[in-house]
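All chains should be modelled from the sequences, with the hints used to inform the complete structure.
Going down the list, the sequences are from chains V and D. Residue 1 is where the first sequence starts when you use this note's numbering, and the numbers rise one by one after that. Residue 116 is where the second sequence starts when you use this note's numbering, and the numbers rise one by one after that.
To be clear, the hints were calculated from the coordinates, so they are not data collected in a lab. One or more of the hints may lead you astray.
No farther apart than 20 angstroms at their CA atoms in a straight line, the calculated lysine to aspartate or glutamate pairs in the EDC-like style are these [said to hold, decoys possible]: (1) 155/D / 81/V; (2) 153/D / 10/V; (3) 155/D / 86/V; (4) 110/V / 159/D; (5) 55/V / 159/D; (6) 156/D / 29/V; (7) 156/D / 17/V.
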Amino acid sequence: AQTVTQSQPEMSVQEAETVTLSCTYDTSESDYYLFWYKQPPSRQMILVIRQEAYKQQNATENRFSVNFQKAAKSFSLKISDSQLGDAAMYFCAYLSGGSNYQLIWGAGTKLIIKP
Amino acid sequence: DTEVTQTPKHLVMGMTNKKSLKCEQHMGHRAMYWYKQKAKKPPELMFVYSYEKLSINESVPSRFSPECPNSSLLNLHLHALQPEDSALYLCASSQDRVDEQYFGPGTRLTVT
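Structure (structure tokens):
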């Protein structure tokens with residue numbers, strides 16, 4: 001069975017600095033998708049970024065980028081120029097390519113932005 | 116438009132009440148989901164509807180009853196809930212199996 005591990009329950013970063021959130025996963029599949037979701041205190045879960053396993057190029061979305069290391073089964077999220085609005089729970093999630101729709105979630109990392 | 120709407124935002128119900136949660140999306144997505152989320156935890160999948168048919172039921176107690184009246188609407192009927200059912204209930208939708216899921220803002224449910 002696939003598992004997703006986020007080893008940092010909480011991280012803090014100074015506003016305007018860069019922070020990296022870690023995520024590792026375990027799978028024997030070759031076809032899968034990885035996601036980072038953000039859930040601010042107002043609670044709506046928002047998709048941050050998506051990565052297809054077959055793509056070697058790391059996904060980027062404005063200030064958000066991933067470091068996808070397929071052999072190491074690592075999928076970290078880098079947030080550049082951190083802003084107060086980035087404060088949230090960040091969840092890493094795995095989706096099998098042979099999916100029955102089920103996301104496998106990490107436990108989440110709470111990101112605190114210091115002004 | 117990547118919006119999933121949910122009503123109500125908050126719901127307080129007694130253990131003998133019957134209530135319903137509603138979810139709507141107009142993105143043409145073919146899969147819709149119900150999740151339960153406890154504080155500071157990831158969402159737990161409850162049900163998946165694919166092409167308006169129940170595809171997954173994650174061994175959810177029968178006091179939760181999903182319904183998909185059409186491709187845009189998803190309901191969750193609640194009856195005889197327990198205090199431990201108090202949680203945030205999230206609805207999501209996706210284009211298909213391997214597409215990203217878009218979440219609604221959730222319904223905060225309190226069972227007294």
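ask   = Taking each numbered hint in turn, which are not upheld by the structure, reported in ascending numerical order?
value = 1, 5, 6 and 7
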